[in-house]
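*Asks:* Listed below are the residues making up each chain.
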Amino acid sequence: MYKMKAIYVWLTMMLMMTALAACGGNNGEQPGTAAEGSDQPASESPASAPAKDPVTLTFLIPNTDDVTPYNEIFKAFEEKTGNKVEVQALPGGDYDNMLKTRFSTGDFPDVFLMQPGTKQYVKLRADETLYEWSGEAGVWDNVIDSIVEFQKNADGKAYGVPFGKTGMMGVFYNKDVFAKVGVEPPANYADLIEIAKKVKAAGITPFYEGVKDGWPTQVFYLTGWVSQVDQEIGDEGVRKLDKNELKLSEIAALKDLFVKSKELKELGLFQKNTLSGTFDELQNEMGEGKVAMAFMLDGILPQLEKKFGKDFVRDKIGFFPFPSATDTGTAMITPPNQLMVPSKAKNLEAAKELVKFMISSESVNMFYASHPGIPIFKGATSELYPVQQTVQQYIDSGKSKVNVQNRLTASFLDLGKTLQSFHISGDVDAAIKEMDTNYVKDGNSKRLEGF
Amino acid sequence: MKAKLSPVILEIVAVALALVILIPFFMIFVNSFKGIRESALFGLSLPTTWELDNYREVLSQDNILRGFKNSFLMSALVVLCVNLFASMAAFVIQRRGGKFLQGIYMAFIMGLIVPVSIVPTIRLMDMLHMKGSYLSIIMYYTAVLLPFSVFLLVGFMKSVPRELDEAAVLEGCGYFRLYFRIILPLVSTVLVTVSIVVIVSVWNDFFGPFYLVTDSTKWTIVLQVFNFVTLYSTNWGVVFAFMLVVIAPVLLIYLFLQRYIIDGLTAGSVKG
Amino acid sequence: MERKKYPLFFSFPAIIVFLLFFITPTVIGIYYSFTDWNINADEIKFIGLDNYRELFNEPRLKKAFTNTLIFAAAVTVLQNVTGIALALILNEKLKLRNLLRMIFFMPYVIAPLVIGYIFRAIYHPEHGIVNRIFDSVGLDSMMQDWLNDPRFALFTIIVTDIWRVAGFSMVVYLAGLQFIPKDLTECASIDGASYWTRFKHVVFPLLAPAFTVNVLLAMIGSMKVFEIVMVLTEGGPGYTTEVFYTYIRNTFSSGEMGYATAINMLLFVLVTLVGVPVLMAMKKREVEM
Chain A
1 MYKMKAIYVW LTMMLMMTAL AACGGNNGEQ PGTAAEGSDQ PASESPASAP
51 AKDPVTLTFL IPNTDDVTPY NEIFKAFEEK TGNKVEVQAL PGGDYDNMLK
101 TRFSTGDFPD VFLMQPGTKQ YVKLRADETL YEWSGEAGVW DNVIDSIVEF
151 QKNADGKAYG VPFGKTGMMG VFYNKDVFAK VGVEPPANYA DLIEIAKKVK
201 AAGITPFYEG VKDGWPTQVF YLTGWVSQVD QEIGDEGVRK LDKNELKLSE
251 IAALKDLFVK SKELKELGLF QKNTLSGTFD ELQNEMGEGK VAMAFMLDGI
301 LPQLEKKFGK DFVRDKIGFF PFPSATDTGT AMITPPNQLM VPSKAKNLEA
351 AKELVKFMIS SESVNMFYAS HPGIPIFKGA TSELYPVQQT VQQYIDSGKS
401 KVNVQNRLTA SFLDLGKTLQ SFHISGDVDA AIKEMDTNYV KDGNSKRLEG
451 F
Chain B
1 MKAKLSPVIL EIVAVALALV ILIPFFMIFV NSFKGIRESA LFGLSLPTTW
51 ELDNYREVLS QDNILRGFKN SFLMSALVVL CVNLFASMAA FVIQRRGGKF
101 LQGIYMAFIM GLIVPVSIVP TIRLMDMLHM KGSYLSIIMY YTAVLLPFSV
151 FLLVGFMKSV PRELDEAAVL EGCGYFRLYF RIILPLVSTV LVTVSIVVIV
201 SVWNDFFGPF YLVTDSTKWT IVLQVFNFVT LYSTNWGVVF AFMLVVIAPV
251 LLIYLFLQRY IIDGLTAGSV KG
Chain C
1 MERKKYPLFF SFPAIIVFLL FFITPTVIGI YYSFTDWNIN ADEIKFIGLD
51 NYRELFNEPR LKKAFTNTLI FAAAVTVLQN VTGIALALIL NEKLKLRNLL
101 RMIFFMPYVI APLVIGYIFR AIYHPEHGIV NRIFDSVGLD SMMQDWLNDP
151 RFALFTIIVT DIWRVAGFSM VVYLAGLQFI PKDLTECASI DGASYWTRFK
201 HVVFPLLAPA FTVNVLLAMI GSMKVFEIVM VLTEGGPGYT TEVFYTYIRN
251 TFSSGEMGYA TAINMLLFVL VTLVGVPVLM AMKKREVEM
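These protein sequences, in sequence, are chains A, B and C.
In terms of the working numbering, the numbers along the first sequence are unbroken and rise by one, the last being 451.
In terms of the working numbering, the numbers along the second sequence are unbroken and rise by one, the last being 272.
In terms of the working numbering, the numbers along the third sequence are unbroken and rise by one, the last being 289.
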């Protein structure tokens with residue numbers, strides 16, 4: 001009994017102490033900065049710092065994005081202005097919802113990163129919640145014209161400032177494997193299948209598909225879309241889809257993509273354990289030359305660089321678009337992400353200052369130094385990887401098209417899940433029906449016109 | 001089952017089964033010291049080189065330390081609230097009885113069974129203007145953990161003789177004194193159990209903060225794990241190191257107090 | 001001493017917190033499950049039975065429903081079987097008894113989320129320990145993609161959860177065994193009557209209280225399974241391992257709060273329907289004893 005008492009006393013004391021310590025740390029809480037704020041030596045205020053008290057800005061980013069370049073930029077920002085930036089990386093899959101939940105309770109971040117497209121304005125109800133940039137001085141002069149246009153909605157308003165690079169999706173391949181098998185990038189889709197068969201005959205996995213992660217499986221359809229679906233339905237068709245006047249299940253070329261994917265599977269051109277495939281493992285296998293190709297987005301490049309070095313990415317990785325039946329196809333590009341500032345941000349002025357700092361040429365170059373990519377800023381320099389040069393050539397020759405997801409307001413909700421089921425059942429009609437239903441459901445849930 | 005089993009064979013079987021429990025822990029332990037490529041193989045062999053950088057990387061992250069702080073803070077405050085509220089309630093429920101308190105007791109027992117309605121809880125916190133705050137999550141946990149604690153404590157209060165109360169009151173002792181000076185010390189064993197159950201539940205929980213807290217500076221350590229894995233899924237060595245760091249405090253409490261945990265838990269559940 | 005003298009207000013803090021933060025959400029949840037509450041709209045409109053009507057047309061709900069029930073049934077049975085077996089073994093005079101008891105209980109204090117991640121590595125089709133062990137003993141046909149093959153995924157999750165909770169059941173049974181004379185349970189001292197018969201007729205009835213507690217806790221706990229499924233399969237591949245809480249989470253993440261609440265209500269009804277009768281049986285037994 002005595003022992004018991006002793007333990008209880010000990011436990012209570014321990015808990016009290018931690019509680020007190022933790023409470024103490026949270027006194028006078030500036031949004032999320034408690035501990036660090038007090039750690040900082042007061043003397044360390046740079047000469048150029050403004051007279052006002054330094055603030056700490058909150059910056060939200062999906063955790064699927066690499067935060068390294070952002071941290072570098074924010075460090076420079078702190079040195080210049082004395083204002084700190086607190087980066088909060090939130091889970092990618094729950095990002096939108098968490099953001100909106102914060103909006104609804106008035107817990108606004110100062111700046112946040114959003115996927116591209118004016119569709120996000122609708123989603124976030126930008127006119128009520130976000131700062132409008134179109135008239136802001138010192139923001140647009142640097143941005144490439146086509147990107148500026150893309151930022152503006154029908155009323156000419158821009159609620160986001162573009163940031164990052166023009167991205168791409170398509171087929172990434174290991175050049176060593178291609179050389180070993182003696183094949184070149186395909187001239188058309190039939191050619192692609194022939195190449196894959198040859199790779200398989202050489203004992204190497206032709207395609208890697210990350211079915212477990214879900215999202216990588218979508219790339220096949222999204223890249224296939226610009227090479228064959230757009231040709232069938234045209235911009236008019238996409239406009240109709242956006243208003244729910246055309247059904248996904250009515251598009252023959254889209255259905256054909258499902259058939260093609262099924263064919264790849266039936267020919268045994270995917271890796272052995274397709275269902276357990278992950279993005280992570282794709283990087284390893286492709287890096288080690290066990291896999292020849294993957295339908296992928298350029299997010300794989302920094303990952304490969306981390307694991308296999310810059311030289312590897314420069315010398316060994318190649319790219320080609322999803323080939324169409326007749327030619328090499330259309331390169332799919334993704335517009336840059338955008339920076340957004342809530343109009344009710346706690347530190348609106350400082351947040352605007354941060355955005356301007358982030359798109360200044362020094363920050364932008366800092367970003368491209370760690371994440372090379374096709375620049376969206378005038379005069380910015382970025383050393384391009386060969387894969388990106390390939391895409392640049394497609395853009396220059398007019399053979400590129402923006403990701404359909406960025407052109408439509410509603411999303412292909414749970415497409416990854418649908419494709420997982422499709423990988424198991426192989427039921428084309430069921431899959432396309434589910435994709436269609438979920439698209440309409442998402443439009444509905446976002447309260448879009450026509451749904 | 002005719003054959004007689006000698007204790008030696010049983011012992012061997014038991015040890016083999018214990019290995020089934022231990023091997024996964026061993027797996028993350030060795031892999032937490034491996035480099036990026038080697039750890040992705042999830043093997044059981046010892047690391048070719050012991051990579052302490054994984055731990056350094058984990059411990060250098062601000063949000064991880066903050067996650068620890070939040071987990072400690074929340075566990076501690078919930079322990080205080082639950083112990084105090086539950087024991088006071090259990091005291092009168094058991095001593096005073098009556099229709100009202102019996103009804104309350106039944107409500108608590110129902111609370112043991114039914115699932116929380118988590119999405120409306122978000123709405124409620126919003127209406128109370130406390131969404132996303134520490135207070136909201138502490139109140140949520142207190143409410144969720146009260147049923148079990150009340151249940152356990154009411155059962156235990158029965159074993160504290162009423163004669164003690166009478167003697168105390170006869171000597172002019174008020175009810176507060178009676179409760180704090182005489183009853184509480186007598187049920188301290190159960191309070192240890194309640195505390196440990198609360199700590200383990202709060203520390204390990206993902207569900208509550210995932211729905212109720214959107215500000216990642218207020219996230220507990222388990223949410224940080226969730227966030228970290230997607231972020232760093234490419235470096236399993238670091239991920240495993242992080243997991244070990246997260247489970248270490250709970251494991252330590254368990255190793256030192258396991259007798260009380262197990263005895264307390266089972267005493268409560270078997271006695272009902 | 002007179003009962004009425006005990007101060008009623010002692011119970012108020014607990015009652016208020018419980019009423020406000022547990023019962024209120026449940027009650028307003030009933031209302032919100034009849035609305036179109038959505039993160040994308042300010043207004044919350046009453047839409048009657050629409051959510052439920054839509055839900056009952058969803059194959060996904062059926063999947064979540066059957067999976068939850070299969071999971072709960074399997075876990076309840078297996079957890080109790082392994083729990084009793086372990087308890088009987090540890091009830092013998094083993095040298096390592098205390099150490100073993102400690103080890104078996106250990107997984108129960110680890111966050112299910114973390115356990116999920118550990119086992120994702122363990123079930124990896126090529127590198128994972130499970131398949132490597134099968135490989136090394138020549139059982140090639142047993143080398144499966146345990147988590148992602150729809151034939152095995154749910155089964156694998158069940159096994160993982162047993163790994164986690166068997167120790168808890170064991171401990172409860174061990175406590176029950178304490179009240180049973182040693183010579184009845186020890187298998188070394190068998191004379192004549194087979195161990196099994198004696199277990200069935202003598203030991204098991206004496207274990208009844210521990211058994212009821214274990215069954216109740218296992219059923220309730222397993223119907224609320226969440227983290228471990230979320231981490232191991234996210235309800236996939238496709239919707240093959242969907243359970244109620246992964247479904248709720250997914251709906252919540254796409255912002256359909258009213259709909260998510262309706263799913264939560266269905267789970268509430270299901271757990272109540274299963275749990276209350278068992279609880280009543282327990283209460284009745286208590287009275288009889």
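The set of hints was computed from the structure by calculation and includes no laboratory data.
For each residue, glycine too, the CB sits at the ideal point set by N, CA and C.
There's no promise every hint is true.
Unchecked claim - Simulated pairs of lysine to aspartate or glutamate, EDC-like, Cα-Cα distance not exceeding 16 Å:
1) A:Lys272 x C:Glu126
2) A:Lys100 x C:Asp140
3) A:Lys84 x B:Glu163
4) A:Lys175 x A:Asp66
5) A:Lys260 x A:Asp427
6) A:Lys100 x B:Asp126
7) A:Lys100 x B:Asp215
8) A:Lys344 x A:Asp107
9) A:Lys441 x C:Glu92
10) C:Lys4 x B:Asp215
11) A:Lys240 x A:Asp256
12) A:Lys260 x A:Glu194
13) A:Lys243 x A:Glu449
14) C:Lys95 x B:Glu38
15) A:Lys307 x B:Glu38
16) A:Lys306 x B:Glu38
17) A:Lys100 x C:Glu54
18) C:Lys5 x B:Asp62
19) A:Lys197 x A:Glu263
20) C:Lys5 x B:Glu163
21) A:Lys272 x C:Glu43
22) A:Lys200 x A:Asp127
23) A:Lys75 x B:Asp62
24) A:Lys346 x B:Glu38
25) A:Lys441 x C:Glu126
26) A:Lys272 x C:Asp140
27) A:Lys290 x C:Glu126
28) A:Lys441 x C:Asp135
29) C:Lys182 x C:Glu92
30) A:Lys441 x C:Asp149
31) C:Lys93 x B:Glu38
32) A:Lys306 x A:Asp107
33) A:Lys433 x C:Glu58
Stated by the list, open to error - If you want the ones that stay clear, here's a sample from chain B, every Cβ over 10 Å from chain C, calculated:
34) Glu11
35) Met27
36) Gly43
37) Thr49
38) Leu52
39) Arg56
40) Thr121
*Asks:* Take the hints in turn and mark each one as holding or not.
*Replies:* Results for each hint:
At most 16 Å may separate the alpha-carbon atoms for a hinted pair to count; Lys272 of chain A and Glu126 of chain C meet this at roughly 10 Å. Distance check on the hinted pair: Lys100 of chain A and Asp140 of chain C sit about 49 Å apart at the alpha-carbon level, beyond 16 Å; violated. The straight-line distance between the Cα atoms of Lys84 of chain A and Glu163 of chain B is roughly 64 Å, outside the 16 Å bound, and the hint therefore fails. Taking the CA atoms of Lys175 of chain A and Asp66 of chain A, the gap is near 26 Å; set against the 16 Å cutoff, the hint is violated.
Straight-line distance between C-alpha atoms of Lys260 of chain A and Asp427 of chain A comes to about 12 Å, which keeps the hinted pair within the 16 Å bound. Annotation: proposed proximity of Lys100 of chain A to Asp126 of chain B holds, straight-line Cα distance about 13 Å (limit 16 Å). Taking the CA atoms of Lys100 of chain A and Asp215 of chain B, the gap is about 12 Å. The hint holds against a cut of 16 Å. For the suggested pair Lys344 of chain A and Asp107 of chain A, the alpha carbons sit about 9 Å apart, so the restraint of at most 16 Å is met.
Distance hint between Lys441 of chain A and Glu92 of chain C is unfulfilled; the C-alpha atoms sit about 60 Å from each other, more than 16 Å. As the CA atoms of Lys4 of chain C and Asp215 of chain B are separated by approximately 47 Å, the hinted pair breaks the 16 Å bound. The suggested pairing of Lys240 of chain A with Asp256 of chain A is violated, with an alpha-carbon distance near 20 Å, which exceeds 16 Å. Proximity of Lys260 of chain A to Glu194 of chain A is assessed by CA-CA distance (about 14 Å); at most 16 Å being required, the pair is judged to hold.
Simply put, Lys243 of chain A and Glu449 of chain A have alpha-carbon atoms about 7 Å apart, close enough for the 16 Å limit, and the pair holds. Using a Cα cut-off of 16 Å, the hinted pair Lys95 of chain C and Glu38 of chain B is violated, with the two alpha carbons roughly 38 Å apart. Taken as a hint, the Lys307 of chain A and Glu38 of chain B pair is honoured in the structure, with Cα atoms around 12 Å apart against an allowance of 16 Å. Between Lys306 of chain A and Glu38 of chain B, the direct Cα distance comes to roughly 15 Å. Compliance with the 16 Å bound is thereby established for this hinted pair.
Pair hint Lys100 of chain A plus Glu54 of chain C does not hold up; C-alpha atoms about 25 Å apart against a cutoff of 16 Å. Taken as a hint, the Lys5 of chain C and Asp62 of chain B pair is broken in the structure, with Cα atoms around 53 Å apart against an allowance of 16 Å. Under the criterion of a C-alpha separation no larger than 16 Å, the hint pairing Lys197 of chain A with Glu263 of chain A is consistent with the structure, at around 12 Å. Pair hint Lys5 of chain C plus Glu163 of chain B holds up; C-alpha atoms about 14 Å apart against a cutoff of 16 Å.
Annotation: proposed proximity of Lys272 of chain A to Glu43 of chain C is violated, straight-line Cα distance about 50 Å (limit 16 Å). Of the pairs offered as hints, the one joining Lys200 of chain A and Asp127 of chain A is violated, with about 53 Å between alpha carbons and a cut-off of 16 Å exceeded. A hinted pair counts as satisfied when its Cα atoms are at most 16 Å apart, and Lys75 of chain A with Asp62 of chain B qualifies at roughly 15 Å. For the hint pairing Lys346 of chain A with Glu38 of chain B, the CA-to-CA distance comes to about 45 Å; that exceeds 16 Å, so the pair is violated.
For the proposed pair Lys441 of chain A and Glu126 of chain C, the alpha carbon gap of about 38 Å is over 16 Å, so the pair is violated. Taken as a hint, the Lys272 of chain A and Asp140 of chain C pair is honoured in the structure, with Cα atoms around 15 Å apart against an allowance of 16 Å. Using a Cα cut-off of 16 Å, the hinted pair Lys290 of chain A and Glu126 of chain C holds, with the two alpha carbons roughly 14 Å apart. Only pairs whose Cα atoms come within 16 Å are accepted, and Lys441 of chain A paired with Asp135 of chain C is rejected, the gap being roughly 46 Å.
For the given pair, Lys182 of chain C sits about 8 Å from Glu92 of chain C by alpha-carbon distance, which is consistent with the 16 Å threshold. Proximity of Lys441 of chain A to Asp149 of chain C is assessed by CA-CA distance (about 28 Å); at most 16 Å being required, the pair is judged violated. This hinted pair does not check out: Lys93 of chain C and Glu38 of chain B have alpha carbons roughly 43 Å apart, beyond 16 Å. Simply put, Lys306 of chain A and Asp107 of chain A have alpha-carbon atoms about 35 Å apart, too far for the 16 Å limit, and the pair is violated.
Note on Lys433 of chain A and Glu58 of chain C: the hinted pairing holds, with a Cα-Cα distance of about 14 Å set against a maximum of 16 Å. Residue placement check: Glu11 of chain B does not keep its beta carbon more than 10 Å from all beta carbons of chain C (closest about 5 Å). Non-interface status of Met27 of chain B relative to chain C is broken: a Cβ of that chain comes within 10 Å, the nearest being about 6 Å off. Distance to chain C contradicts Gly43 of chain B as a non-interface residue, since its nearest Cβ pair spans about 7 Å, not more than 10 Å.
No Cβ of chain C comes within 10 Å of the Cβ of Thr49 of chain B; the nearest lies about 19 Å off, and the non-interface call holds. The Cβ of Leu52 of chain B sits about 21 Å from the closest Cβ of chain C, beyond the 10 Å cut-off, so the non-interface label holds. Consistency note on Arg56 of chain B: stated as away from chain C, and its beta-carbon is indeed over 10 Å from all of that chain's, at 21 Å minimum. For Thr121 of chain B, the shortest C-beta to C-beta distance to chain C comes to about 4 Å, within the 10 Å cut-off, and the non-interface label is violated.
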